[in-house]
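Build out the structure end to end from the sequences listed, making use of the hints.
Line order of the protein sequences matches chains A and B. Quick note on numbering: the first sequence equals residues 1 to 219 in this note's numbering. Quick note on numbering: the second sequence equals residues 1 to 178 in this note's numbering.
Be aware that one or more of the hints could be misleading.
[What the hints assert, rightly or not] Simulated DEER-style distance windows between Cβ atoms:
#, chain 1, residue 1, chain 2, residue 2, range
1, B, D110, A, W6, 23 to 31 Å
2, B, K29, A, W4, 50 to 58 Å
3, B, W11, A, I5, 35 to 43 Å
[Claimed, not checked] 20 Å max Cα-Cα, derived PhoX-like pairs, lysine-lysine:
#, chain 1, residue 1, chain 2, residue 2
4, A, K66, A, K77
5, A, K77, A, K190
6, B, K29, A, K66
7, A, K120, B, K41
8, A, K190, B, K156
Keep in mind the hints are simulated off the structure, nothing from the lab. Where a beta carbon is used, it is the ideal one built from N, C-alpha and C, also for glycine.
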Amino acid sequence: MVNWIWLFFIVASVVVAAITGKMDAVTQAAFEGAKSGVTVSFGLISIMVFWLGMMRIAEDAGLLQKLARMLGPVVRKLFPDVPRNHPAIGYIMSNLSANLFGLGNAATPMGIKAMQELQKLNPDPETATPAMCTLLALNTSSITIIPTTLIAIRMNYGSANPAEIIGTTLAATFVATSAAILADRYYRRKSPPPPAAPVLQKNSKLKAAPPVTGGEPVV
Amino acid sequence: MYNLFTSLSAWMIPAIIVFIPLYAALRRKVPVYETFVEGAKDGFGTAINIIPHLVGMMVAISMFRASGALELMLSAVRPLFDWAGIPSEVLPLGILRPLTGAGSLAFTTDLIQTFGPDSMIGRIASTIQGSTDTTLYVLTVYFGAIGIRRTRYALKVGLFSDLVGFLAAIFICLYIFG
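Have a look at this one:
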């Protein structure tokens, strides 16, 4: 799906630009986009380095495991295929709480770290597991309690009550997150997780391969 | 209420930064500085891994906007909004929001500036901007960092929840402030 969306953006851009005569702008935009991709990634370096260092201390001190145990029941319901005491649960929890409190720049490194931990459980490293999809769904619907940036902007433009959108934002977030969880559940059930089959295949290939290619037993 | 929240979030990060190493050093005798450096090493490589993914996505999105294709897409949906009695000024936000965080924030700021923060459009835009995240960015960064190629149903779920959040924001605002 990502492949098609990407292709659609590029093809549609050039076709529309050909009609509207904005070809120069499109060329310029392509390189501007490339530049901002690099800029954003470089901006990520500092926060990634900082938060991953911090979180390693938390992990070594057993704080993540504590967090995982405290809020475990909810997360276990959402991530049934992640083992109870796996470090992934701790990182997922930190990611979700960072989102909740609007600590945007802490949420991303923890989310990525959680993904890396989930990747360790993944039998096929190029295909997303259901747990990864669930974590992504929770992050894209962004469970925020206080939209601080927006309150600041509203204040800036002289709102009589800058914080009046907290309630509506909370309600909308709740609806969006519920929709994400339900849709995720639906697809998870509809597409049975492939892990079991590829693992077996890989293993049997590994076991079967040496006699065929090697000819003589090595041991 | 707002002051409480802002001072709470101002204290949050320093509190975390102090608590984690302090607890680790005192209770678990963790060599905090060395552990920090050890964990921090991973950060650089991870961020670098994301570059190709982010560049690919940002190129496509910025071309799409610059060519006028986005505007064309919007004009196709606009009549539907007018028919439903929804201010169509917020429509671009519904499409921009999942694609680009910076772009949609700029658009929201523009709407707030033009129509005022306390207008219906300003309130709806604020709510939309605050209630969902940039799905394509999150997907690119999270899956890019670990090299996932087959994303299965993740994008579908993300975009679906964006749509639901967008519509929910509009109707909740129309109901509460209307």
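Hint-by-hint comparison with the structure:
1. For B/D110 and A/W6, the Cβ-Cβ distance of about 27 Å falls inside the hinted range of 23 to 31 Å, so the restraint holds.
2. At roughly 53 Å, the beta carbons of B/K29 and A/W4 sit within the given window of 50 to 58 Å.
3. Roughly 41 Å separates the CB atoms of B/W11 and A/I5, a value that falls within the hinted 35 to 43 Å.
4. The straight-line distance between the Cα atoms of A/K66 and A/K77 is roughly 18 Å, inside the 20 Å bound, and the hint therefore holds.
5. For a cut-off of 20 Å, the pair hint linking A/K77 to A/K190 stands: about 18 Å separates their Cα positions.
6. About 17 Å separates the Cα atoms of B/K29 and A/K66, which keeps this hinted pair within 20 Å; it holds.
7. Between A/K120 and B/K41, the direct Cα distance comes to roughly 19 Å. Compliance with the 20 Å bound is thereby established for this hinted pair.
8. Among the hinted pairs, A/K190 with B/K156 is consistent with the structure: their alpha-carbon atoms are about 14 Å apart, no more than 20 Å.
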